[in-house]
Amino acid sequence: MGRLGQDFYRRSTLTVARELLGQRLVRVMDGQRLSGFIVEVEAYIGEDDAACHAARGRTPRNEVMYGPPGHTYVYFVYGMHHCLNVVTEEEGFPAAVLVRALQPLEGLDIMRRHRSGKPDGELVNGPAKLCQALAIKRDFNGVDLCTSEVLFIERGRRVAPEEIGASSRIGIKADEIARSVPWRFYFQGSDFVSKVQHTSKVRCI
DNA sequence: TATACGATCACCT
DNA sequence: GGTGATCGTATAC
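Taking this note's numbering, the leading residue of the first sequence gets 3, the next gets one more, and so forth.
None of these hints come from the bench; they were simulated from the model.
It cannot be assumed that every hint is accurate.
Said to hold, decoys possible - With a straight-line Cα cutoff of 30 Å, these simulated DSS-like cross-link-like pairs (lysine-lysine) come out:
| id | residue 1 | residue 2 |
| --- | --- | --- |
| 1 | K120 | K139 |
| 2 | K139 | K197 |
| 3 | K175 | K197 |
| 4 | K197 | K120 |
| 5 | K175 | K120 |
| 6 | K175 | K139 |
Remember, predicted model here, so these are calculated numbers, not experimental data.
Whole structure, please, built from the sequences with the hints as guidance.
So, in structure tokens, the structure goes:
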């Protein structure tokens, strides 16, 4: 039942991304736990990554990416959606892991309410969907996952390397390199990963 | 001040 | 397969 500590996050972003698979994201609301295993993530690494929000340097929006590891970076996109990231690496280096999908475990009834009756398979199978299901909005930007009472990540289940697939990242509109690097990680064959289609090559790691 | 656009989703054909 | 919703940000004027 241990919670992941700051040392977990203060490592290479690709390592943290892969190792976040199978960990348990927990949101506590009104004393109730909403949780799920993380089944899909993407890494965004530094100012040289054209798809990273820090690609054009420090701004008020991406400030927390430059801060200490283990804090959240929550941003608002498309005028209506929120996405949840976990800040990684040493303080000063801007990088984070986007949490893209969960396998729901606890608090399904509340998630269904937040997702207005969507089928269980579509409660948390996308980065904005899971924020809606867990009621994570901009006021959750900068939360310390290592100390917060309302949002944190617990050690989940053991994961074998063969279970993990990798692909290019979804939905980004940056340059060819950024669009092709295999920095999306997910459980192969899981019914809970996001459904966004893309045709890029998929490989095992 | 003005404008273009996005790490998405839902709904359409 | 395609597209509209909707608004905070970054950047240009």
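Against the structure, the hints:
no., hint, result
1, K120 to K139, "20 Å, holds"
2, K139 to K197, "22 Å, holds"
3, K175 to K197, "18 Å, holds"
4, K197 to K120, "15 Å, holds"
5, K175 to K120, "29 Å, holds"
6, K175 to K139, "24 Å, holds"
Checked against the numbered hints given earlier, the structure satisfies every one of them.
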